[in-house]
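Engineer: Spelled out, the chains give:
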Amino acid sequence: MSDSFAVMIVVATIASGIRLATPFLLASLGEALGQRSGVLNLGVDGVMLLGAFGAYYTVLQTSNPYYGLLVGISIGLLIGLFYGFITLNLRAEQGVSGIGIYLFGLGMSDLFFQKFVGTPRPILPFMPLDIPVLSGLPVVGEMLFQHSIIVYIAFGLVPLMSFVLHRTTYGLNIRAIGENPEAADSLGVSVMATRYSAIIIGNGLAGLAGAALAIELGIFQQNLTNAMGFIAIALVYFGAWSPKGVMIGSLVFGMVQSIVLQCKTFGVIPRSASDLAAMAPAVITILALVIVAKRFKQPSALTKPYVRGG
Amino acid sequence: MGSLVVPSPFLFRFQVKTIKTKSFVGLLIPLCAVLLALALGAVMLLSLGANPISGYATMFGAAFGSVEGFSETAVKSIPLLLVGAGICIAFRANVINIGGEGQMVMGALLSTSVALTFPSVPSLLLIPMVLLAGAIGGAFWGAIAGALKAYFNVSEILSTIMLNIVAVQFMNFLLRGVMIDPGEVARGTGIPQTMRLTENADLPILLEGMRMHLGVPIALFVAFGAYILLWRTAMGFRLRSVGYNPHASRYAGISVPKNVTAALAFSGAMAGIAGAILVFGSESHRMVTDGGSTGFTGSAGFNGIVVALLAGLHPLWSIPSALLFGGMLVGANALQRAAQVPSALIIALNGLIVVFVVSSEYFKQRSLYAGQVDLADDESTETEGEDNE
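Quick mapping for you: the protein sequence lines, in order, are chains X and R. If you use our numbering, the first sequence corresponds to residues 1 to 310, in order. If you use our numbering, the second sequence corresponds to residues 1 to 389, in order.
In case anyone wonders, no lab produced these hints; they're calculated from the structure. Careful: at least some of the hints might be erroneous.
Listed below are several chain X residues computed to face chain R (Cβ distance under 8 Å; list not exhaustive) [stated by the list, open to error]:
1) L111
2) I233
3) A234
4) M279
Derived coverage of chain R by chain X (criterion: at least 3 residues anywhere in the stretch with Cβ under 8 Å from a Cβ of chain X; other residues may be distant) [to be verified]:
5) 142-156
6) 167-174
7) 287-301
Backbone N, C-alpha and C define an ideal beta-carbon position, used for all residues, glycine too.
Okay, chain X solo, but in the shape it has when bound:
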């Protein structure tokens, strides 16, 4: 009896780990795409917050979570356009302007929330979408195949992005302008257009990540993301700029969170110890950064604005 109870807990923990990993995964895939093209975006957290509020408000009004996802992604795309303009056309310093976007998102999402919603009201979350046949499997079914649609989208994006980056001309262009924009430009690749597309898609994914978070939690509040966007940026380094690496990093983070949550619910560890456990992801990331900095090379043109003839 106690055995099956243990299995149940493990299954629930892993399933919730996968759910918690989803926003990280979406945001860091987007960030990885932008960085591969040579643009650092530190505003992910702000974009996520705006996407989260947009999605929350839409679902509150329409009771349709899918509209929420659309609104979240659209907000991200719009900010991406703006961020592209300031970093590509105006060549603004990327590290600092990203912090500007973060503050903007932090303030605006809170402002809108206080003005248009006020007191937090829960919204309708996603219905889990059971994959036929597979979801019926014992243990594995509940762990992997009884999630909401956004989880499948996020994890489906991993092979898709790997394929695009390594098997298509567009992906080759992105990698080329991230490493050597001059050479790519001399071969007729438009550095501007390719970087714009990468930034816009990347921010769209950040907006989607925010939407996924808000709808999954069914709630919005001030600073809902609590620095998740910054962790998503770190995950890109953690995963050494590859979609698969980013996925592994997100899963590790999701699992750590899920385990900490479970331990809290069961009272296995005291509150103060869970604060220490909450430090773990950041500490692990710093250690990972040391290793990554030694072993892997970041895109050579990262954070460097491209000037033709420069």
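Starting from the structure of chain X, add chain R where the hints point.
Structural biologist: Positioned in the frame of chain X, the structure of chain R alone reads:
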């Protein structure tokens, strides 16, 4: 003061020889960026159903219109000025310090623990002790990121962000654990805060019945110290030199790793002092956490970057710049009361100001080089190539 507007290579990618004669452009364009952000703020106010003119009048009236208001503004400006002056040092050394939040928290924690350990030391000694503890705590936290960059090639942007997260959790851990007010435990309320810290560490009030306390002159003093450090000492010369051209500096026998670490340590020390002043100049005279960093710092770790950028990375220009942003914070609260516009508007506006000021560098360079097109083009391409390595 001849070097007042010598640009940082980090923001201005060209070696600017003519900047002195045209330095008014250098100040005018960032100012335009702020005005543009305020204009967008006016549009936001309008769309939120508030009159922008009376809204801004309320804001700036509340912040600068009375002695009480100005005293409040000065107090709000303290952390902004301190973090901003520190950011000036870091950015001049071409180090991007986004860890102000964590450095403030660590400085506050160390200074609070000093006050908890030595409650009976007289004021005259205890106040310098807690400020020093704040500086050490912040400097330590900054130096970690500095050493990681200098010796392990870890981007300081990422490490400082991660160290922010670690510092916040460490604060929660201590304030819920060993540092918690025994009274909170006895009552069972368990609010994560320290007990009322010793009165010996209270920063004395300077104006009877107002908020203005000793932290204000301290912040001014430290900002002036940052200026002296950068332009009147050999250390400052080395820091700026490393920021300007690390290759040439190394060739001249200046240790790049040491100075990168030092830049972040100085920057962190100033943020740490800001954290200490937030605790000992607060009205409750306790250190409290709401679980995040913003509740304690009021985002000063980030907003200090805005202050420094607007000041052209100059510690003394950071003084009026910090007053402007401090005033906006005070004004935002007044606006919230008067027109029911959430004060979060100011955070959003600060973000826009960062974006616009950073973007305005582009126009600044264009206007500086107008009229010497060919030469400027050649020069820019050369130096840009160097900086990009």
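Engineer: Honestly, which of those hints from before does the structure not fit?
Structural biologist: Violated: none.
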